[in-house]
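Protein chains in written order, with our numbering: chain Y, 3 to 318; chain E, 3 to 318; chain X, 3 to 318.
Everything labelled a hint here was simulated from the structure, so no lab data went into it.
Hints may be right or wrong, so weigh each one.
Any copy, or any two copies together, can satisfy a pair, since identical chains are not distinguished.
To be verified - Only pairs whose alpha carbons sit at most 20 Å apart, straight line, appear in this in silico DMTMM-like list of lysine to aspartate or glutamate:
(1) Lys120 - Asp227
(2) Lys249 - Glu30
(3) Lys168 - Asp234
(4) Lys130 - Asp290
(5) Lys120 - Asp290
(6) Lys249 - Asp90
(7) Lys249 - Asp286
(8) Lys78 - Asp286
(9) Lys5 - Asp234
On a predicted model such as this, the values are computed, not experimentally measured, just so you know.
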Amino acid sequence: MEKFLSVNDVQDLNEIVKSALSIKANPEAYGDVGKNKMLGLLFFNPSLRTRLSTQRAARHLGMDVMVMNIDKDGWKIETEDGVIMDGDKAEHLKDAAAVISQYCDIIGVRSFPNLQDKEEDYADGIMKDFVKYAHVPIVSLESATRHPLQSLADLVTIRENSDKPKKKVVLTWAPHPRALPQAVPNSFAEWMNAADDVELVITAPEGYELDPEFVGEATFTTDQDEALKDADFVYAKNWSSTTEYGKVVCKDNSWQVTEEKMALTNNGKFMHCLPIRRNVVASDGVLDSDNSLIIEEANNRTFAAAAVLKAILETE
Amino acid sequence: MEKFLSVNDVQDLNEIVKSALSIKANPEAYGDVGKNKMLGLLFFNPSLRTRLSTQRAARHLGMDVMVMNIDKDGWKIETEDGVIMDGDKAEHLKDAAAVISQYCDIIGVRSFPNLQDKEEDYADGIMKDFVKYAHVPIVSLESATRHPLQSLADLVTIRENSDKPKKKVVLTWAPHPRALPQAVPNSFAEWMNAADDVELVITAPEGYELDPEFVGEATFTTDQDEALKDADFVYAKNWSSTTEYGKVVCKDNSWQVTEEKMALTNNGKFMHCLPIRRNVVASDGVLDSDNSLIIEEANNRTFAAAAVLKAILETE
Amino acid sequence: MEKFLSVNDVQDLNEIVKSALSIKANPEAYGDVGKNKMLGLLFFNPSLRTRLSTQRAARHLGMDVMVMNIDKDGWKIETEDGVIMDGDKAEHLKDAAAVISQYCDIIGVRSFPNLQDKEEDYADGIMKDFVKYAHVPIVSLESATRHPLQSLADLVTIRENSDKPKKKVVLTWAPHPRALPQAVPNSFAEWMNAADDVELVITAPEGYELDPEFVGEATFTTDQDEALKDADFVYAKNWSSTTEYGKVVCKDNSWQVTEEKMALTNNGKFMHCLPIRRNVVASDGVLDSDNSLIIEEANNRTFAAAAVLKAILETE
């Protein structure tokens, strides 16, 4: 694997899930794969799970890690081409990416959208420029449009929890006080569509339809109750409006995933990428129930990241 | 040892002091104890000594370390149970603790008191919730009420510097421009009381009496000069008022530990946990004298932490 | 080598350049030199290249690293001697340095000038106090007056790119919207003067003459075009005015290094320490040309740092 920005970078989806599970079963078995190699983790935005799980993943492979909050530990980065840099940005991304790629064998980058201009966000400029200017493989730690390490962990978690040949997976929008990126739902839809054992249904209020590029063959409905019927897995997530990009247009609390809602499912498992606003996105009752997979799902972040790093290290 | 929040978690005080001294004598002798293990260090508050000494301690044991300024690198953490999380806090402590404990074999947590509400602070909620929700051992890197890694280093330092069967140790309040936590003096008193070779005297102005839970059998006096007489060790520390919790009610500079004060002692050694405000808490003359143990005391932080981590790793 | 603050700490300039190139040729060859040793990197100021390249350098030597943004992860540090510390500074540098040196085998320190008071800045107090109070070797990660790791990387880069017995190297001032430290040009001049294969010419507008201590035997001219004639290497850098210390007195854009300027040289190579303001300090055309060495120069930071750490480790 030469980079990891989306499901399209994965040659064999079933193989990488198996690889993650194999590392999970025996985390110390691959401790030489990354020997003398350096992973750089660059954060333009906050991170807890991704920051810690990816570090742990690297160490399972015997790989060293350097972590940098690039905008706080360093300075502001210019991304426009050809500009006269006389403002507040001290370094151009093209230089930073080329330089950092000399200190690292793989670079992970987290860069959220600004939620001001959809076209700009969806161009995913920072991630693409890192791919363009760095001389080493780039791993997305969540871009403006996708969060593939999360999606791989999600698929691992689904397969661990059901061997049904066709699982009904429902991605449901849920309320949130702030406008959030669309990266997690986009990416989740993309990965579920790519999996051969998943039937994906997406449900959200009007004005929250995801981009057709990500929805693909999935069913979309604004009727959450209808969607939840017979679901094997319920994946809750807030995202900002798509028709009024970057805005909160629906605050309808009836979209919260509650025990009543879960009762509509086929004894469905509950999933969320975390962090989660309890009793806003989903109720304590759901989150703390036996059917909640949120903690194990976060655990699988380590092994998803390890499988990705291993695939890249073995390609080089 | 299954956790390390207070002296009560230590089964044999003399053994753990010996263990620290043994690691100090030969820091590379235990380099396999923590192999393939991960220590996570989570800071809700600033840290210098604890941050660096605990990392070094882990590396002496061959243990990996991840450091996170949890509120700056991540986001604000909710600690109340059952609340509707529609404010500024993005993640619940119960989820964060459970998740992080999957990435780490031991978690260290630093969380200071708010100094607004004594009852709330003394409930030590964050530390206790970490113990409750994490699946791995928790090490206090200083909580709202205690700083046990410091206290263990203090006891190690005292034993290194005197083999008297009964040493007179004086914990004296000292002035400071800001209101400080009571964790260090509480913890110091608790550990000194638990040691069989220490006679503890506590001296502070009226309104600064420590909680009886920590004072225990120690003598308390508001007469600093009387307290210092024949002292073998003088441990200076500021703490905020206890009667007017979280406030500075005494600014009396005569409490500063000076060379004149030290002359009252039995050629006593001077100790402080650092950082110290020079010429406020104690004078340059005292701090830079041959009887000052402050630098060696800080050095012993590494070996105290290593002894604690080793005891935990050997218990698992 | 017992410390690394300037070229004067290097016993044999040719040897250390050779050592850097030898590590570059085979980065894994010296993986035991730093075994069980700890490097502490302390940043009072932002850093990207230095932060990452020095970490990587240490890991090439098998050395562990702890990184601390000392003023953000900790608290403000007092540097004045004998003061009553009742202000906003919580710890004295003499204590911090002595303490940290117990947790590390080598300490790297970055501390920029304040650009308010030249005399104070040029006293380089923080760096000198670390040397004075720490018990282990200090490596400058850029002080108020010098940036020796950069200068060593620069010399390595020059020697890699020309074997002429005498290379004409031009250090040229260039415009910048903000007032910048003089550490890089000072240090560069000092190292070029110490190299036996370099003829150094310095060019800058009036009011930007560097201190005689650093200019040494180099030629100084305010005529940039004249200086650039027949240059083998052009080293561009902004620095703040020297006659009006810490101020921007010249904003003359004709000092920008453009393709037209480079055409005056002997097919000269272009160098800059980065970060660089594109189309302010130098044009895109220059920076992206085949004669631009900026990325390789940054790469050499790793091997310069490794050579320095190795020399120190082998001295101990």
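Consistency of the hints with the structure:
Taking the closest pair of Cα atoms, Lys120 and Asp227 never come within 20 Å of each other, the shortest separation being 30 Å inside a single copy and 47 Å across copies. When the C-alpha separation of Lys249 and Glu30 is checked against a cutoff of 20 Å, the pair qualifies neither within a copy, at 45 Å, nor between copies, at 51 Å. For the homomeric pair Lys168 and Asp234, the shortest alpha-carbon distance inside one copy (10 Å) is at most 20 Å, but the shortest distance between copies (68 Å) is not. In this assembly of identical chains, the alpha carbons of Lys130 and Asp290 lie at most 20 Å apart only when taken from different copies (19 Å versus 39 Å within one copy).
In the homo-oligomer, the alpha carbons of Lys120 and Asp290 never lie at most 20 Å apart, since the shortest distance is 36 Å inside one protomer and 31 Å across protomers. Taking the closest pair of Cα atoms, Lys249 and Asp90 come within 20 Å of each other only across two copies (17 Å); inside a single copy the shortest separation is 27 Å, beyond that limit. Neither within a single protomer nor between protomers do Lys249 and Asp286 lie at most 20 Å apart by alpha-carbon distance, with minima of 26 Å and 38 Å respectively. Taking CA atoms no more than 20 Å apart as the test, Lys78 paired with Asp286 passes between copies only; the shortest distance there is 19 Å, against 40 Å inside one copy.
Taking the closest pair of Cα atoms, Lys5 and Asp234 never come within 20 Å of each other, the shortest separation being 32 Å inside a single copy and 39 Å across copies.
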